[in-house]
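Start from chain A and add chain B with the ligand according to the hints.
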Amino acid sequence: MTGPGPFFLDEIFFVVMPYLAFIIFLLVSIRRYLTQSFTFSSLSSQFLENRQHFWGLVPFHYGIIAIVTGHIIGFLIPREVLAWNSQPLRLYVLEVSAFVFGLLTLVGLVSVIVRRFTVSKIRMVTSTADWILFGIFVVQILSGLYVAAFHGWGSSWFAAVATPYLWSLLTLSPDIAYVTAMPWMVKLHIVCAYVMIAFFPFTRLVHALVVPNPYLWRKTQVVRWYGIRRFASGRPGADRKM
Amino acid sequence: MNVRSQISMVFHLDKCIGCHTCSIACKNIWTDRRGTEYMWWNNVETKPGTGFPTQWENQEKYRGGWEKKNGSINLRSTSKARTVTDIFHNPSMPGMDDYYEPWTYKYDELFNAPEGPDQPTAKPVSMVTGEYINLEAGPNWDDDLGGSKIYAENDPNLKGLTAEQRMQLSAIERLVFFYFPRICNHCLNPSCVAACPSGALYKRGEDGIVLIDQKRCRGWRSCVAACPYKKTFYNWTTGKSEKCILCFPRLETGQAPACFHSCVGRIRYLGVLLYDADRLEGVAKSPDEELIDAHRSMILNPNDPAVIAAALENGVHESVIVSAQKSPVYRFVKEWKIALPPHIEYRTLPMLFYVPPMSPVMAEKNDDTVGSVSDDFFHDIEQARVPLQFLANLFGAGHQGKVVYALKKQKAVRTYRRAVTVGDIDIKLAEKMLLEADCTVEQAEAIYQLTSLCTFDDRFVIPPMHREEAIEMMKDPHEHRSSVGFGFVEAPERGL
Ligand code: SF4
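As you go down the protein sequences, you meet chains A and B in turn.
Just so you know, we're using this note's numbering here: the first sequence kicks off at 795 and counts up by one.
Just so you know, we're using this note's numbering here: the second sequence kicks off at 4 and counts up by one.
Bound-form chain A, shown alone (with noise of 0.2 Å):
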């Protein structure tokens, strides 16, 4: 191509949108955690609708769990990927196991909206922010099994080629040399992304961010107190917990 026209779209793409998406991400979840928490929910629907509930979250939740840990390993230890790659039967395992927590996303995204289409209650409980968060994983999740069928091998070209560009974006010094030669399918699930991530926040996504770890190690019973218990030793009360 000529011209400065495909250049600069991609700048504006690969540089300006992830950092955009980020900030957007990082202001509007802190704003919004601060002075309107009480939104923070999973908005759950299971008790308005008890059985296809099943079928669409579970898969669905577990499929882009595994996927999303997926992309971060990748990120994160590119090399010891690469290495565990090298050997060709361990490479079709991880291939193959990454295409099938695709489907399973899809699968439980598909009977997710189909269950909104056609449960009027569950339509009740639906915002237009929830049917734009639906086209927005139907791109992401469709583009990415795309890519995985028809550009093999994308657990290693991740680390080899998403990874660095990632790294240089973190890094502030952006490097788009990566990204620019990839086919537009993977550009489109890297754009995709970023809009996702700039979306995050007005949208129920958010309950992700609240995912509840201190359970793990509290203690069975929870008690407050009502500002400072007075004893009449005078000892402080310190105990807020059972």
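You may find that some hints are simply not true.
[Said to hold, decoys possible] In silico SDA-like links for lysine to any residue, alpha-carbon gap of 20 Å or less:
hint, chain 1, residue 1, chain 2, residue 2
1, A, Lys915, B, Lys126
2, A, Lys915, B, His92
3, A, Lys915, B, Gly98
4, B, Lys218, B, Thr39
5, B, Lys64, A, Glu843
6, B, Lys218, A, Ser823
7, A, Lys1013, B, Thr39
8, B, Lys288, B, Gly98
[What the hints assert, rightly or not] Some residues of chain B that are not near chain A, with every Cβ distance over 12 Å (derived):
hint, residue
9, Ile27
10, Thr88
11, Glu112
12, Phe114
13, Asp146
14, Lys152
15, Pro159
16, Thr241
17, Gly285
18, Val407
19, Ala422
20, Lys431
21, Glu434
22, Gln446
These aren't lab readings, by the way, just hints derived from the structure by calculation.
Note that beta-carbon positions come from the ideal geometry of N, C-alpha and C, so glycine has one too.
Chain B with the ligand only, in chain A's frame:
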């Protein structure tokens, strides 16, 4: 000894007339918002019946409460590990169909109907979707034994009754039922609190009221599944769970909770109990048949100097101790032992106690006279229309002893008062009966007084809550004046 105070309650079932005034008072104050229409923080059930939500006592289905296994107790619905795997879809979560779909009527159709040969009707519409619905269930669809074949006959408390007893329950002229009003029990070992992954549920240290922090709740729904009494509810609009708050804003200003205040039958009593929190775990693990005694033994005598000293040492205010000494609940539960916890086998250690119902009046017809006392004073308790085992399943963890004791005492007090006021029964006989029921004359008078002639102030002994002092210790009250006392700075609205 780790003395804490707990606002506790007694419902005297013999006095409940099933008017549902309590439910309406509560609904009008707390649950008339979108998403809460289906909730009844206070509801009144007909027993035998399946209750609300349908068959809530069937823990095979709902998996609420604690389960004792190899000396430790675990939540039936979840565990720390299962919280991780089940968080996306809670397998023990009841759905709206287990409660009912709330509805209203299209009243404008009455006014706008075109002229015609028929009376116009207002058709029911769902309050969730706004669409027309067929009404198939409601919160008290089985009121006064309506639809017994579906409801009363499937009461989980019929377990252990003989086929004959079951048949008699609904036989013509023997048909019997009583009312069972329910609110949150504000338990000492609440399974809802224990199950909440976010730690949003808590027990208030000063008075034991169990609350859900609306800002910390993330809608994981674990409390709904874990509460064996099904008294936490999921608000499908806000994505937060809600429950009975024992009208704490009223209590803090010295008023009885709305359902107590409005109770027509005056069946409700409220007062402070002091208990030893250190014994909680041990008590919750007691064997089934010892649970009621163990639970009772945790409750401390507020007149015992050692208890008073320990309470003061632990930060319980003097005025709260004075209030505990006047507590009607203490008398019913601990002194007279005629109020029993519902389904103590769930091991949440409920702090709402029930005086088991006597009705219908047990009498025998001999020729033309109706007499209610035979040589064996209490034979009719065994032959009561409500089989003992049924009451034992509700209030005795399946064991009849405590229920029989409570019924005998009530019966003896009745006979004694009849001897005093009507005089058709020999007072000697009545006193002998009292003796047999482990009751002194003074106690009988006291029970009679608090049951029949009680005033507002006898029934509700509300401790000063000292919230104002607690605030003062943290903040200058002038500064606090401008902030919101409780509730929200942001509107409690559903997020995107
Ligand atoms: S208001 Fe009192 S008497 Fe009436 S149903 Fe409720 S508890 Fe029973």
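### Given pair status - B:Thr39, B:Lys218, alpha carbons within 20 Å
17 Å, holds
### Query
Is the nearest Cβ of chain A still more than 12 Å from the Cβ of B:Phe114?
27 Å, holds
### Outside-interface status for B:Pro159 - nearest CB in chain A farther than 12 Å
With a cut-off of 12 Å, B:Pro159 remains clear of chain A, as the shortest Cβ separation is near 21 Å.
### Task
Decide if the proposed pair is consistent with the structure: A:Lys915 and B:Lys126, CA atoms, cutoff 20 Å inclusive.
19 Å, holds
### Message
What's the verdict on A:Lys915 and B:Gly98, does the C-alpha distance respect the 20 Å limit or exceed it?
### Response
Holds. A:Lys915 to B:Gly98 sits at ~12 Å (cutoff 20 Å).
### Whether B:Gly285 stays farther than 12 Å from all C-beta atoms of chain A, as the label says
For B:Gly285, whose nearest Cβ neighbour in chain A is about 14 Å away, the distance exceeds 12 Å, so it holds.
### Query
Does the claim that B:Thr88 lies outside the interface with chain A hold up, using a Cβ gap greater than 12 Å?
Check fails; 9 Å does not lie beyond 12 Å.
### Query
Minimum Cβ separation between B:Lys152 and chain A greater than 12 Å?
26 Å, holds
### Query
Does the alpha-carbon distance linking B:Lys64 and A:Glu843 stay inside the 20 Å limit?
17 Å, holds
### Status of the stated non-contact between B:Glu112 and chain A (beta carbon gap over 12 Å)
21 Å, holds
### Task
Mind verifying the non-interface call on B:Thr241? Its CB should be farther than 12 Å from each CB in chain A.
7 Å, violated
### Message
With the threshold set at 20 Å, check whether the alpha-carbon distance from B:Lys288 to B:Gly98 stays at or below it.
### Response
31 Å, violated
Hints 7, 8, 10, 16, counting from the list given before, are not met by this structure.
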